[in-house]
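Q: So the chains spell out like this:
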Amino acid sequence: MAEQVTRKPYVREVPRMLWFLRHPRYMRYMAREFSCLFIGAYTLMLVVGLKRLAEGPDAWAGFLAALGSPGAIVFHLFALAFSAYHSITWFRLTPKAMPVQIGDTFVADRVISGAHYAGWALVSLVVLWLAGAF
Amino acid sequence: MSERTVELEVLRYNPETDGEPHFQRYSVTCREEWVVLDALNHIKETVDPTLSYRWSCHMAVCGSCGMMIDGEPKLACKTFLRDYPGVIRVEPLAHFPVERDLVTVIDDFIAKLTRVKPYLIPKEEKPVAAGEYRQTPAQLKRYKQFTLCINCMLCYAACPEYGIIPKFLGPAAISLAHRWNQDSRDGGRAQRQEEIAATEGVWECSFTGACSEVCPEHVDPAAALQQVKIKSTVDWYLAHTMPWLNK
Ligand code: SF4
Ligand code: FES
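Taken in sequence, the protein lines are chains A and B.
According to the working numbering, numbering within the first sequence proceeds without interruption in unit steps and concludes at 134.
According to the working numbering, numbering within the second sequence proceeds without interruption in unit steps and concludes at 1247.
These aren't lab readings, by the way, just hints derived from the structure by calculation.
One should not assume that every hint holds.
[Claimed, not checked] Once the Cα atoms are required to be at most 30 Å apart in a straight line, the calculated DSS-like pairs of lysine-lysine come out as:
#1 B:Lys-1167 - B:Lys-1231
#2 B:Lys-1126 - B:Lys-1144
#3 B:Lys-1231 - A:Lys-96
#4 B:Lys-1231 - B:Lys-1117
#5 B:Lys-1123 - B:Lys-1078
#6 B:Lys-1117 - B:Lys-1044
#7 B:Lys-1117 - A:Lys-96
#8 B:Lys-1141 - B:Lys-1044
#9 B:Lys-1044 - B:Lys-1078
#10 B:Lys-1144 - B:Lys-1231
#11 B:Lys-1231 - A:Lys-8
#12 B:Lys-1141 - B:Lys-1229
#13 A:Lys-96 - B:Lys-1078
#14 B:Lys-1144 - B:Lys-1167
#15 B:Lys-1123 - B:Lys-1141
#16 B:Lys-1117 - B:Lys-1141
#17 B:Lys-1044 - B:Lys-1144
#18 B:Lys-1126 - B:Lys-1141
#19 B:Lys-1229 - A:Lys-96
#20 B:Lys-1126 - B:Lys-1167
#21 B:Lys-1167 - A:Lys-96
#22 B:Lys-1123 - B:Lys-1231
#23 A:Lys-96 - B:Lys-1123
#24 A:Lys-96 - B:Lys-1141
#25 A:Lys-96 - B:Lys-1144
#26 B:Lys-1123 - B:Lys-1144
#27 B:Lys-1144 - A:Lys-8
[As the list claims (entries may be wrong)] Restraint ranges, calculated between C-beta atoms of paired labels, are given here:
#28 B:Val-1234 - A:Ile-102: 46 to 52 Å
#29 A:Trp-60 - B:Leu-1245: 46 to 52 Å
#30 B:Val-1087 - A:Pro-15: 51 to 57 Å
#31 B:Glu-1194 - A:Ile-88: 34 to 40 Å
#32 A:Ile-88 - B:Leu-1238: 30 to 36 Å
#33 A:Glu-13 - B:Glu-1200: 19 to 25 Å
#34 B:Thr-1241 - A:Thr-89: 27 to 33 Å
#35 B:Gln-1191 - A:Leu-80: 27 to 33 Å
#36 B:Glu-1194 - A:Pro-70: 52 to 58 Å
#37 B:Thr-1241 - A:Ala-66: 38 to 44 Å
#38 B:Arg-1082 - A:Met-27: 25 to 31 Å
#39 A:Ala-31 - B:Trp-1203: 18 to 24 Å
#40 A:Leu-53 - B:Gly-1187: 54 to 60 Å
We put the beta carbon where it would ideally sit given N, CA and C, even for glycine.
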């Protein structure tokens, strides 16, 4: 019979809450995830705007005036910066998730993320057109 | 030949005598071209024969020398001492229990690897006399990158998700399942989906991307996992919107 071997593996605990402080790449990931909070907040603001619109011209005018306040402008700048960061970091990852193979070769990464930017621009143009910007 | 003295701080753990691990310092006179594994071998041969660690090929193909070097999952045989100016901290791979010193318990990974059936499950069995299962270069290209995995588990040590939720099937196992699913000769996808499309499969992944950053073979496991997510989502929609497609 084989000699008895005592095993007593040691488990090194990892922090459960602040795990992302362990490495810069985890913090970059959290920054990407965190940026979506601003996108969510912006969406909520749009919903509030819709509600004000439904309530009549006075409520709507009040909403527009509130948008011009310094606080609202600062919020918009933050929301713009964070949503740009969110979109750019995600678009950069799209070639990983959806590789396109034509024959023996894969379509270059920049073509795939480029197509996403093109789609983004197109949708933005349509929205601006619907909003009567042209 | 230039030589220099390098300080290594190595995590030691002896299950027979220690309650918990501790660091031990070694000074090693090393040569310019030495990797961390050379320093460990030098310590074991000349200073401290009790130091335990795994290695085999010394050329980044066997995948057994994975360890944390200055907090980063690395192959000890591919990590040059000259790239580290100060004291080098060497620890066993994170997220795995420590068996002894730098040796970890890898049973969990092996069990997961087995679960995803990382081998050819032929679409149609044919007798040997009928010849090989043939494949075009384009069909090979489709999955080639995912064949490069050497099972070194660096991706598991880098994955914060695996650190917190050890049930997660993890990057390499899912990438290898994907490798076979992408193979034109294979017909085992439905069997592998049971494991990889489950909650503890690919849906535990939050796409931190750490696995791909540390993978020494550029397998890009994060890419494989996102592709599995997309394919599994398509499956779900097809099954729910076009039930007649289900055989
Ligand atoms: S995917 Fe890369 S890091 Fe993970 S086990 Fe395979 S070779 Fe190692
Ligand atoms: S010893 Fe084989 S990979 Fe390092």
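Q: Against each hint, give a clear statement of whether it holds in the structure.
A: Status of the hints after comparison with the structure:
Under the criterion of a C-alpha separation no larger than 30 Å, the hint pairing Lys-1167 of chain B with Lys-1231 of chain B is consistent with the structure, at around 22 Å. Between Lys-1126 of chain B and Lys-1144 of chain B, the direct Cα distance comes to roughly 24 Å. Compliance with the 30 Å bound is thereby established for this hinted pair. Under the criterion of a C-alpha separation no larger than 30 Å, the hint pairing Lys-1231 of chain B with Lys-96 of chain A is consistent with the structure, at around 13 Å. Restraint check: the Cα-Cα separation between Lys-1231 of chain B and Lys-1117 of chain B comes to about 18 Å, which is no more than 30 Å; the hinted pair holds.
A hinted pair counts as satisfied when its Cα atoms are at most 30 Å apart, and Lys-1123 of chain B with Lys-1078 of chain B does not qualify at roughly 39 Å. Distance hint between Lys-1117 of chain B and Lys-1044 of chain B is unfulfilled; the C-alpha atoms sit about 38 Å from each other, more than 30 Å. Annotation: proposed proximity of Lys-1117 of chain B to Lys-96 of chain A holds, straight-line Cα distance about 24 Å (limit 30 Å). Between Lys-1141 of chain B and Lys-1044 of chain B the alpha-carbon distance is near 43 Å, which puts this suggested pair outside the 30 Å criterion.
With a CA separation close to 19 Å, the supplied pair Lys-1044 of chain B and Lys-1078 of chain B stays within the 30 Å bound. Straight-line distance between C-alpha atoms of Lys-1144 of chain B and Lys-1231 of chain B comes to about 18 Å, which keeps the hinted pair within the 30 Å bound. For the given pair, Lys-1231 of chain B sits about 41 Å from Lys-8 of chain A by alpha-carbon distance, which is inconsistent with the 30 Å threshold. Between Lys-1141 of chain B and Lys-1229 of chain B the alpha-carbon distance is near 21 Å, which keeps this suggested pair within the 30 Å criterion.
Restraint check: the Cα-Cα separation between Lys-96 of chain A and Lys-1078 of chain B comes to about 26 Å, which is no more than 30 Å; the hinted pair holds. With a C-alpha separation of about 28 Å, the suggested pair Lys-1144 of chain B and Lys-1167 of chain B falls inside the 30 Å cut-off, and the hint holds. Taken as a hint, the Lys-1123 of chain B and Lys-1141 of chain B pair is honoured in the structure, with Cα atoms around 19 Å apart against an allowance of 30 Å. At roughly 21 Å between alpha-carbon atoms, Lys-1117 of chain B and Lys-1141 of chain B fall within 30 Å of each other, so this suggested pair holds.
Restraint check: the Cα-Cα separation between Lys-1044 of chain B and Lys-1144 of chain B comes to about 38 Å, which exceeds 30 Å; the hinted pair is violated. The straight-line distance between the Cα atoms of Lys-1126 of chain B and Lys-1141 of chain B is roughly 24 Å, inside the 30 Å bound, and the hint therefore holds. Straight-line distance between C-alpha atoms of Lys-1229 of chain B and Lys-96 of chain A comes to about 12 Å, which keeps the hinted pair within the 30 Å bound. Straight-line distance between C-alpha atoms of Lys-1126 of chain B and Lys-1167 of chain B comes to about 37 Å, which puts the hinted pair past the 30 Å bound.
The hinted pair formed by Lys-1167 of chain B and Lys-96 of chain A meets the criterion: a straight-line CA distance of about 25 Å does not exceed 30 Å. The suggested pairing of Lys-1123 of chain B with Lys-1231 of chain B holds, with an alpha-carbon distance near 19 Å, which does not exceed 30 Å. Taken as a hint, the Lys-96 of chain A and Lys-1123 of chain B pair is honoured in the structure, with Cα atoms around 27 Å apart against an allowance of 30 Å. Restraint check for Lys-96 of chain A and Lys-1141 of chain B: the C-alpha separation of about 15 Å stays at or below 30 Å, so the hint holds.
At roughly 15 Å between alpha-carbon atoms, Lys-96 of chain A and Lys-1144 of chain B fall within 30 Å of each other, so this suggested pair holds. Annotation: proposed proximity of Lys-1123 of chain B to Lys-1144 of chain B holds, straight-line Cα distance about 19 Å (limit 30 Å). For a cut-off of 30 Å, the pair hint linking Lys-1144 of chain B to Lys-8 of chain A is broken: about 40 Å separates their Cα positions. With their beta carbons about 20 Å apart, Val-1234 of chain B and Ile-102 of chain A fall outside the hinted range of 46 to 52 Å.
One distance hint, 46 to 52 Å for the beta-carbon pair Trp-60 of chain A and Leu-1245 of chain B, holds here, with the actual separation near 48 Å. The supplied range of 51 to 57 Å is broken by Val-1087 of chain B and Pro-15 of chain A, whose beta-carbon atoms lie about 24 Å from each other. Distance hint check for Glu-1194 of chain B and Ile-88 of chain A: the Cβ-Cβ separation is about 37 Å, which falls inside the suggested range of 34 to 40 Å. Roughly 32 Å separates the CB atoms of Ile-88 of chain A and Leu-1238 of chain B, a value that falls within the hinted 30 to 36 Å.
At roughly 21 Å, the beta-carbon separation of Glu-13 of chain A and Glu-1200 of chain B lies within the given 19 to 25 Å, and the hint holds. Distance hint check for Thr-1241 of chain B and Thr-89 of chain A: the Cβ-Cβ separation is about 31 Å, which falls inside the suggested range of 27 to 33 Å. The hinted window of 27 to 33 Å between Gln-1191 of chain B and Leu-80 of chain A is violated, with their beta carbons roughly 47 Å apart. For the pair Glu-1194 of chain B and Pro-70 of chain A, the beta carbons lie near 56 Å from each other, so the given range of 52 to 58 Å is met.
At about 43 Å, the beta-carbon gap between Thr-1241 of chain B and Ala-66 of chain A stays in the expected band of 38 to 44 Å. Take Arg-1082 of chain B and Met-27 of chain A: their Cβ atoms lie about 28 Å apart, and the range 25 to 31 Å holds. Hint check: Ala-31 of chain A to Trp-1203 of chain B, Cβ distance near 23 Å, so the stated range 18 to 24 Å holds. Look at Leu-53 of chain A against Gly-1187 of chain B: about 56 Å separates their beta carbons, and that is inside 54 to 60 Å.
Hint compliance for this structure: hints 5, 6, 8, 11, 17, 20, 27, 28, 30 and 35 are broken, all remaining hints hold.
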